[in-house]
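**Student:** Produce the entire structure from the sequences given, and follow the hints as far as they go.
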Amino acid sequence: MADAAGRVGVGRGLALLAAVLSFVVLIAWPLTRLAIEAAGAGTAPVLAALQPEAMEAIGNSLWIAAAVTGLAVAGGLGLALLTEHAAVPGRTIMIVGILFPLLVPDFVSALGWTRAFGPAGLFDRIAGVEIPGLYGPVGIVLVQATGAIPLAYLLIVAGMRSRAEPDLERAARISGADGLTALRTVSLPLLWPVIAAAGGLIFATTMNAFGTPAVLGRPAGFATMTTRIYGDLAFSSSEAAFERVLGLSFLLVAVVLLALAFSDRLGPRIATRGTITGPGLEARPAGRLPLAMAWVFVVLSVVLPLGALLLTALTRAVGLPPLPEHLTLANFGRAVDSRTLPALLNSLLLAGFAAVACVTLGTVAAIAPIGRWRQRWSQVVTIGFAVPGSVLAVGVLLAFGRSLRDTLLIILLAYVAKLWALAQRPIAGAMDRVPIDLSHAARVHGADGRTVLRTVVMPILAPTLAAAGLLVFVFALHEVTISILLYGPSSATLAVAIINLQQLGDPTVTTALAVLLTLLVLACAVPLVALRRSWLHSVLG
Amino acid sequence: MSYPSRGAPRRTTSTSLAVFAVATLLAACSSSPGTTSPQTASIQPSTSAGDPETSATESAAALPEPSGTVSLYTSATQDTVDAVLAAYADVAPDVSVEVFRAPTGELDARIAAEVREGQIGGDVLWGTDPLSVQSYASQDLLEAWTPPEAASVPAQYQTDTFWGTRLLNMVIVHGVDMDDPPTDWEDLTAAALADGVAIPDPGFAGSAFAVLGYFASNPDFGIEYYQRLSDNGATQVQAVAEVLTGVAEGRFNAGMTLDKSARDAIAQGSPIEIAWPASGAITIYSPVGVFAAAQNMDNGKHFANFLLTPEGQAAIASTGWQPVRDDVDGPPIDGDQVSPEWSEIFESQEELLDEYRAIFGG
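So the protein lines, in turn, are chains Y and U.
Taken in order, the first sequence gives residues 1 to 541; the numbers are from this note's numbering.
Taken in order, the second sequence gives residues 1 to 362; the numbers are from this note's numbering.
Think of the hints as simulated: they come from the structure by calculation, not from any bench.
Some hints could be false.
A short list of chain U residues far from chain Y (calculated; beta carbon distances all over 10 Å) [as the list claims (entries may be wrong)]:
id, residue
1, Q78
2, A86
3, P154
4, A192
5, S217
6, A239
7, T245
8, T309
What the simulated footprint calls covered on chain U by chain Y, stretch by stretch (three residues with Cβ under 8 Å from a Cβ of chain Y suffice, anywhere in the stretch; the number is not a length) [stated by the list, open to error]:
id, region
9, 96-104
10, 157-164
A short, non-exhaustive set of chain U residues, derived as facing chain Y with CB atoms under 8 Å [to be verified]:
id, residue
11, T77
12, A112
13, E117
14, P181
15, A314
The beta-carbon is built from N, C-alpha and C at its ideal position, and this holds for glycine as well.
**Tutor:** As structure tokens, this is what we get:
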């Protein structure tokens, strides 16, 4: 026993070492290189970041991110409760509808919304209605919130499946609690770590978002931290501009970390250790109002923007109404050339490796630290996620450019530095749900370590690991700010192909590429989901 | 905490994952010596910077037959790069051209990072506007020489370190069904186009900044021109192409955009028309230069010079841009062309942008 305990300590020590080393190499070193560049400037970057214009951008970013996080978490939680706890007719279709926007690259999501609800958009043509203020903060919040709802939904559902406590909920109901009381006093507190993890990720993602604020914010003269950073980065051969980039970027990281530390303290501190034993609660029929709202959401935020995108991809030239005589498949041909396939392969390879690496690192780091550092690790690696992608890419280029310039590996390092937190936070949130009693029981009944892992730990963690891996994969596949700065002659990614097309100025072709990309990810995802579902059923019964 | 405090499963997962992660990290570290000793490598000595043999006096002589590789850093559009590379393969079949193509902002960010890191990876810089290229020239990052073909480039489109290759014309674009279309820049501030004009953001697009520089430095317009645009309800959008899209979709009645993009869209069938401004389209030249620290200096010069030859110019023109040489056929130029005093607006970039942002925000 003593020997076993010693070996456990060694294993945990190694995991800790691996996590710390990875953090130092992947995140701390590139950021230190940036800081060294800024250090020569003394306090100039700090002063630059505190200019009135910068402060206005910081304020804008903060309230946009807060609004998006609130809306997305509320929406994601509501939809998750609906599809997981209630009997919903057409449940599978609804889930697919909710999750589908995750597969749509965000470089076209703003375009989808403007084409669906903007002036001269689809809705305008059909019903003569447009969303006022779509170009401006209202539109930025709407587009980003609906883009983040699937993210919140996915993480919360994965958390529910890891964390469900049907016995506790049943006990509450038997003791006379109505549905709402049981939800408020049992289910939500249990879910809090997952909700906080989802909210934190959405907040950081929104603070970091560039595409949507740039497209929808410019017309209103509405600046965010990222649009200012991008504008200065373009002039970054000028010392003053580079200093502003670094000052604002480090400030952005600080703001995100502060906000996350704050949100992680908001929730109730609970340490229940229930076990998943009995069958799930009987699903009650869903109320009519929640059901109607969910379907309206799916139609408005998914079907219409995607329909508008599809019509754009099928239209011969921008500005032509989508009438039969103007429809063509030619844009798909123009979107794909001899460079697209190698770029796609590179991106798939990078996204796959990044997903495996981030889930591995997230698991290692969730196992390794002891006590309070388990929560803090999530904060620490979020530094990499909070840095704007283009600035992180500059740091990675400074740190590794000499030896790894133009390789796929340097892009992979940047992806893992960026996306580690995307896996870390959900995994850490689910990790404390691995029930001690169950593994003890299994051990008592003679199961060896491997068997306990396979039959007890993995089934509980699996939904979260899968969700985390999927998120990292999709984010890596769709990113357009990192690899455009790091690619070389043989390591061009989809981002490069996308930006090349965008710069040619014809949105019909860019949209066609986005549609192809979505269909491709869908084609990969469908068998995976089907597989996972049958496997989950066989494990969880 | 609720993680099991003893038991084999954790040991198995944690050790195997840790071993995997450490191995991965070691592999990453061992292949990146630069991370531990950034000072060991120094800037690659240039083979010709300061070398009298390649100084301006002799460079008019024919360049040697090239072979090997050349690395091109460019923000020219992909279709144009492709056309030029295809034509270059006929002239220099033994040279393999490695391309890093990105929008001006990303290209500049990469070069700035590489300068700070100690080694620019490119040999040739082919930019979109003279201002971003000028910033490299003023840091002595560009080689001073004279391409053999430089004599054919109009004087206003060349310096000691970079030469114009193509001309981008900022023109007015409007919907086809417009009754009384604008014919000059001032018309964009008229009541007839209230709330209906789109302009590209100078903070994002180099060509839009050049236009800002032209208007601000021209006493006929001044920065007040932007105030009048703003007062008339004009909208700034991020990119030049977005103006085109917005006008084609009917979101805007008219706007400022580049002639080549507008002609491409019209050829596709977009319901828009070009109005060549009566006081002149604002013309921006897209320069090429060679990095002073180029690792393939001779090939770099050969490629840069090729862009100025009739063959290179024809390839550029074939994708719809106006070639800088007037002895090469290009797209229709339907009126006057005007340009800002580049050196003047280069000096005042920050102030101009600040003045602009005070009007349009962002």
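**Student:** The hint names E117(U) as touching chain Y; please verify it with the least Cβ-Cβ distance against 8 Å.
**Tutor:** holds, 5 Å
**Student:** Mind verifying the non-interface call on A239(U)? Its CB should be farther than 10 Å from each CB in chain Y.
**Tutor:** Nearest chain Y Cβ is 8 Å from A239(U), so the label is violated.
**Student:** With 8 Å as the cut and Cβ atoms as the points, is A112(U) at the interface with chain Y?
**Tutor:** holds, 4 Å
**Student:** Grab the minimum beta-carbon distance between S217(U) and chain Y and tell me whether it stays above 10 Å.
**Tutor:** Given that every Cβ of chain Y is farther than 10 Å from that of S217(U), nearest at about 19 Å, it holds.
**Student:** Compute the least Cβ-Cβ separation between T245(U) and chain Y, then decide whether it is above 10 Å.
**Tutor:** violated, 5 Å
**Student:** Over 10 Å from every CB of chain Y: does T309(U) meet that, or does the non-interface label fail?
**Tutor:** With a cut-off of 10 Å, T309(U) remains clear of chain Y, as the shortest Cβ separation is near 24 Å.
**Student:** For the region 157-164 of chain U, do at least 3 residues have a Cβ located nearer than 8 Å to some Cβ of chain Y?
**Tutor:** This one is violated; 0 residues, fewer than the three required, reach chain Y with a Cβ under 8 Å.
**Student:** Is the claim that A86(U) lies outside the interface with chain Y correct, judged by CB distances over 10 Å?
**Tutor:** holds, 12 Å
**Student:** Verify the interface restraint on T77(U): the C-beta must sit less than 8 Å from at least one C-beta of chain Y.
**Tutor:** Holds. Min distance 6 Å.
**Student:** Minimum Cβ separation between A192(U) and chain Y greater than 10 Å?
**Tutor:** holds, 18 Å
**Student:** Just to be careful: measuring from the Cβ of A314(U) to every Cβ in chain Y, is the smallest value less than 8 Å?
**Tutor:** Since chain Y brings no Cβ nearer than about 20 Å to A314(U), farther than 8 Å, the hint is violated.
**Student:** Taking a Cβ-Cβ distance under 8 Å as contact, does the region 96-104 of chain U have three or more residues in contact with chain Y?
**Tutor:** holds (count 7)
Comparing the model with each earlier hint shows violations of hints 1, 6, 7, 10, 14 and 15; every other hint is respected.
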